[in-house]
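J.: Based on the sequences and whatever the hints tell you, model everything.
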Amino acid sequence: MSDSAMQISQIHPPRSRRLLKLILLAAAVVALVALGGWFNPAFLTPENGLAILRAAAMSGIVAMGATFITISGRFFSLALGQTAMFAGVFMAVLMAQGLPFGLAVAVMLLAVVAIGAVQGAIISMGANPIITTLGAGALLAGLAGLTTGGRNIAIESAVVEWIGNGRILGVPTQTWAFLVSVAVAWWVINKTRFGRETILIGANRATAGASGLNVSRITILVFIIASLAAAMMGVFEAAQFSKARVAGFGAVDFDVIAAVLIGGTAIQGGKGSPFRAALGAVFIATLQNYMLLLAWSSGVRTLITGAFIVLIVAGFHIAGRRKGA
Amino acid sequence: MAKADMMNMTGQGPGDVVLEMKGISKSFGAVKALRGVDFELRKGEVMALLGENGAGKSTLVKVLAGLHTPDSGETRIDGKPFSLGSARLSHAASIAVAEQELSVIGALSAAENIFLGGVPFRGPWTRKRLAKKARPYLEAVGLHHLDPSTRVETLAVAERQLIEIARLLATDARILILDEPTAALNDSDIERVKAMVVRLARAGHSIIYVTHRLGEVFEIADRITTLRSGQSSPPVNVSDMTLEKVIEKMIGRPLEEMFPHRASSLGAIALEMQGVTTPALPLPQNLQVRKGEILGIAGQIGSGSEALLRAIAGADIVEGGSIEVHGRAFPRAHSLPEAMKRGVAYCSSDRKLDGIFAELPVSTNIISPSMQRVSPGGLVNRRRIRALTAEVSSQMAIDGSRAEYKVGALSGGNQQKVALGKWLGIAPRVLLVSEPTRGVDVGARAEIYGHLRRLAEEGMAIIFASSDIDEVQGLADRVVTMYRGRQVRVVDPTRVTSHELVRDITHPEEEAA
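Residue numbers (my numbering), protein chains in the order written: chain A, 1 to 325; chain B, 1 to 513.
Keep in mind that the hints are not guaranteed to be accurate.
Stated by the list, open to error - Computed Cβ-Cβ distance ranges for the label pairs, DEER-style:
(1) A/26 <-> B/378: 25 to 33 Å
(2) A/118 <-> B/172: 41 to 49 Å
(3) B/332 <-> A/26: 49 to 57 Å
(4) A/171 <-> B/332: 53 to 61 Å
(5) B/338 <-> A/126: 17 to 25 Å
(6) B/117 <-> A/26: 47 to 55 Å
(7) B/277 <-> A/268: 37 to 45 Å
(8) B/213 <-> A/131: 39 to 47 Å
(9) B/378 <-> A/117: 13 to 21 Å
It should be emphasised that the hints constitute simulated quantities derived from the structure, not laboratory data. Cβ atoms here follow ideal geometry from the backbone N, Cα and C, with glycine treated the same way.
T.: Written out as structure tokens, the structure reads:
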């Protein structure tokens, strides 16, 4: 016997609510940009716009991978920042050994696939994803620190230099990569069997298993995808300054999780949108850029970013409930 | 509190009207959940509150509990006007509700659970004093032997249910509302709860008893109020009613035959299992079912009836023996996907746990076991999804206009039709169903039985496990009774009485010993 009030809130087709979230988020970005331009014309220049998109690309690319983890019902990974760092360092070490760029990237990607697969396998056996990825992240950080002795590793390569600073049609490479990642993530989630299965195992793992889906396989793939997205960011990060750094990745996981949550992806799994997570990354990058232009201190910037995240996530929650009542 | 005190406290003779509601209405947006409901409750009576899902029972219960404020209508307690609208007011009216979902806290002791709402004494809060105070309430619900300091999580579900009721008594409530108290219990535990309800009524409590198990009504209720589409019909005495009349009142139309006809002819052997053992079934199991046959496995929860289905479905590890479907043996490493490939579908007894995706739309639920079919080459094909959804919806009579609704928003009957119907996509040859109508309305029940019979006639072999003897006897062509992990016997359901079946699955003489 179900409560009638509950029933009404639930029979609304989900589409309208998804649209509402998208509009809300887009409105937030537009409002921020308009407000920023009003107070500070330098904010509205095309060059600054590209800078914002480039900054958004870094956490945005990783967020595309992380969205899969969240949709699949495994919350999020706390190893993605360290995976990015490890990818950059490992590639730089290989290249320092004389490997050409292509080969170094291929070997590094193989290692990253293994890293993701092992985490996915452990988690699909029932381990808590937060604890598992926290451990994996520490392991990767330790490994990178051990091999490099904590020093940054320079990369001498014209290709890498271009990847980090090149432009296609006047738009930075990172931004292109971001756009492509969004398109690919959207396509995989919405158009492929794997994407649908990811949603199913996130919505109810037991039912998915009882319907014959291979939950372990999907979980492993999801963590491989997220790790690859992190590796991509790691390569761009290293390429930008032609050196792989072992520090400075501490805030990545926070930015990524914030982007996914601001995008309205349900933390309990089963629904979510890479597109909205991308908008979430753009929103955070815009906000941070604006505050940098105003030369606010980092404490204030962090405080305001945090406040906005709480506001937007709470806004979604309330909007989601209002719709039905 | 001792029973004698109860009687004195209320200061009334039996039979007086303690609660009277007139013209109670409550709407949620456009939906009118209650439309002018009249309700009355006398002192010391058990009033069964019946109705299909969505008839308004829950809303009425919530109004009484103070969780919903009625839009209109008046309520009288002991003849005096009383306005409900908050849990506090309901408490003042000495109304207490035991919700359907158990709300006892496992990590606390029985005594602590009983006094969750407030401790009945001043001064220090010692375990000993608490236990002493709790004792009379435990006795009132028949838990004489229970140590009040026992942690609740170590108790059986029935005992937890009884503690929940003891908690109501501790609030000094005179009007007790029990919302499906027996839904999660097995037969012997149900007896304890029923006996307790009768005792409480004799002690002067007035009880509103909400249930789906109509058999209980005739055993313990004095009168019946039925709700249908938010409207009430005047209360009737149980002694004037028959089961058929009650059902007709609930569904508002004459009840055609509840069960479909039996199989007229059977085909070749569809499934044969020999000497199968699993961790849950240490004794070797043999079973055979033919095309077109509906085989019923009768057994209580934990009797092994469900474990038998799980073994065939590949949901449990098969340790020994062999299973053949249409003459082809299962491989040694039997798994659920392997069973599905061989045309075995398994619909579990707990659809919320692993039968449906409550938060996802009907269409997504329907395609979930058929992902290969709707996504050739790994790419989702919308046309195939629509076609499969339409096909299953029409076969199972699921409202097609609701294809994009969340399954969790549908009635129990419709949810069950989705949980069953999703398997049609893999064209199963053997359909295994555990508790085919748990949490399903009477009206929808007959419909599901009809669907199962039709599927059998189309050549499927169906095995269902059920703890509902009427269902087993009415639907099955052949019945296997199970008790504690062994098959008692195989019988023709038309040639045994339901009492014999009950005896098979409960072994009362053994239980008593």
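J.: Please name the hints from earlier in the document that this structure breaks, with their numbers sorted from lowest to highest.
T.: Per hint list: single violation, 2.
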